[in-house]
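Put together the whole structure using the sequences plus the hints.
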Amino acid sequence: MFVDRVSIKLIAGNGGDGMASFRREAFVPFGGPYGGDGGKGGDIVFVADSHKSTLLDLRYNRVLKAKHGTAGKNKKMHGRGAEDYILRVPVGTVVMDEEKGIIIADLTEHGQREIIAHGGRGGRGNTRFATPNNPAPTYAEKGELGTEIDVTIELKLLADVGIIGYPSVGKSTLLSVITRAKPEVADYHFTTIVPNLGIASSPDGRSFGVADMPGLIEDAHMGKGLGHVFLKHIERTRALVHVVDMGAEDGRDPVEDYRVINEELEKYDEKLMRKPMVVVANKMDLDVAPANLERFKAAYPDLEIFELITMVGEGIDALLYRLADILDEHVEEIIEEQNEAVVYKYEAPKRSFEITRINDTKWEISGSSIERAFRQFDFNTEEAAIQFGISMKRLGVDQALREAGARDGDIIILADVQFIFDEGMVE
254 MFVDRVSIKL IAGNGGDGMA SFRREAFVPF GGPYGGDGGK GGDIVFVADS HKSTLLDLRY
314 NRVLKAKHGT AGKNKKMHGR GAEDYILRVP VGTVVMDEEK GIIIADLTEH GQREIIAHGG
374 RGGRGNTRFA TPNNPAPTYA EKGELGTEID VTIELKLLAD VGIIGYPSVG KSTLLSVITR
434 AKPEVADYHF TTIVPNLGIA SSPDGRSFGV ADMPGLIEDA HMGKGLGHVF LKHIERTRAL
494 VHVVDMGAED GRDPVEDYRV INEELEKYDE KLMRKPMVVV ANKMDLDVAP ANLERFKAAY
554 PDLEIFELIT MVGEGIDALL YRLADILDEH VEEIIEEQNE AVVYKYEAPK RSFEITRIND
614 TKWEISGSSI ERAFRQFDFN TEEAAIQFGI SMKRLGVDQA LREAGARDGD IIILADVQFI
674 FDEGMVE
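Counting from 254, one number per residue, gives the positions in the sequence shown under the working numbering.
Note that these hints are calculated values from the structure, not bench results. Keep in mind the model is a prediction, meaning the values are calculated, not measured. All the given hints hold, so there is nothing to weed out.
Label pairs and their in silico Cβ distance ranges:
{"#": "1", "residue 1": "Glu351", "residue 2": "Asn386", "range": "43 to 51 Å"}
{"#": "2", "residue 1": "Lys353", "residue 2": "Asp669", "range": "23 to 31 Å"}
{"#": "3", "residue 1": "Phe283", "residue 2": "Lys318", "range": "41 to 49 Å"}
{"#": "4", "residue 1": "Arg459", "residue 2": "Val565", "range": "17 to 25 Å"}
{"#": "5", "residue 1": "Asn633", "residue 2": "Arg610", "range": "26 to 34 Å"}
Here are the simulated SDA-like cross-link-like pairs (lysine to any residue), alpha carbons at most 20 Å apart as the crow flies:
{"#": "6", "residue 1": "Lys326", "residue 2": "Glu336"}
{"#": "7", "residue 1": "Lys329", "residue 2": "Tyr287"}
{"#": "8", "residue 1": "Lys646", "residue 2": "Ala668"}
{"#": "9", "residue 1": "Lys528", "residue 2": "Ile558"}
{"#": "10", "residue 1": "Lys550", "residue 2": "Ala571"}
{"#": "11", "residue 1": "Lys318", "residue 2": "Arg366"}
{"#": "12", "residue 1": "Lys520", "residue 2": "Glu488"}
{"#": "13", "residue 1": "Lys262", "residue 2": "Tyr313"}
{"#": "14", "residue 1": "Lys262", "residue 2": "Leu317"}
Think of the CB as a built atom: it goes at the ideal place given N, C-alpha and C, for glycine as much as any other residue.
Structure follows, in structure tokens:
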């Protein structure tokens with residue numbers, strides 16, 4: 254089964270908690286803090302693999318979880334970091350953040366690796382907080398939570414040449430003749446319901462990938478006949494072969510067929526019309542084909558046309574030579590312009606928190622970095638609360654609250670917990 258779009262939830266591993274402990278050994282005076290750091294949580298990493306051709310593996314596995322890091326130990330021993338969750342996907346896979354609506358990874362090369370969900374950092378043990386003014390800290394950090402993200406994974410096949418045209422014009426037959434692919438061929442419409450891939454080779458030994466696209470029809474750009482599902486695969490090709498049935502076996506007009514398909518390509522994405530295109534005049538062995546070809550050439554005098562009888566392979570060599578030449582002439586990457594929204598690393602925002610005024614004396618702070626820092630502290634000890642206040646001041650929360658109009662004694666709400674704003678910091 255060919256699956257080219259799935260939605261899944263990714264949950265990276267949490268970082269292990271740091272440990273608060275002290276060295277207590279005979280004959281070792283002033284042992285001091287001795288707790289180690291927690292291990293890092295596992296990342297979820299996507300790796301492009303040319304041996305995979307479908308997203309079927311993910312259709313029945315809608316939640317992927319990486320393992321958590323282990324907690325820190327005594328004697329300053331760090332907890333073990335968790336292994337990354339490696340997910341192999343086909344080349345041409347696009348990953349989109351559903352909440353933000355942006356593309357966060359576009360895997361176009363075999364072996365390309367992208368971290369999609371980042372594991373949490375391990376919490377620091379109390380050894381890390383020892384200073385001359387506080388030589389025996391009794392607190393340690395909790396591990397950060399791993400990233401939890403809902404993504405849509407879409408496969409857009411990568412091929413050098415895409416074969417397009419109306420249903421039953423001979424696209425699959427052409428693919429089977431020029432490659433070793435064995436697509437289903439039958440005398441009814443929409444025999445091909447998923448793209449088929451094969452490797453073609455010109456007589457002089459130049460090879461390239463060819464994809465037979467399912468048949469397009471009028472209004473395909475609006476989704477008719479699953480048009481969006483089919484058209485997206487054409488985006489990743491470098492050249493197009495437009496197959497036209499000159500025999501008009503279905504009673505259609507080849508001149509009109511060519512116009513309709515090109516209009517659908519342009520309405521879907523005008524950049525598709527800038528791709529190099531050759532026309533295959535197929536089924537030239539039928540009686541009406543020569544007359545239709547003359548009308549076609551008169552209507553489109555500037556087109557490069559190859560006359561074929563694909564069933565017997567007549568005219569194939571000339572087409573393969575020309576396609577190889579076109580690909581040599583257009584040596585630029587398959588994807589000329591990456592979507593500007595693609596981000597392979599999470600960009601740090603200018604200010605990672607927001608302040609909302611609830612009333613004259615009550616404020617709410619929200620933001621991923623603030624909430625992440627809040628989760629790392631255990632407020633059972635006074636030292637931990639003080640350290641949290643210092644962290645908020647370093648992040649600029651104190652100054653931002655004062656600029657917004659907060660005064661000493663106001664209530665600050667963070668993650669459903671209330672704090673008192675006093676003496677220049679949240680306490």
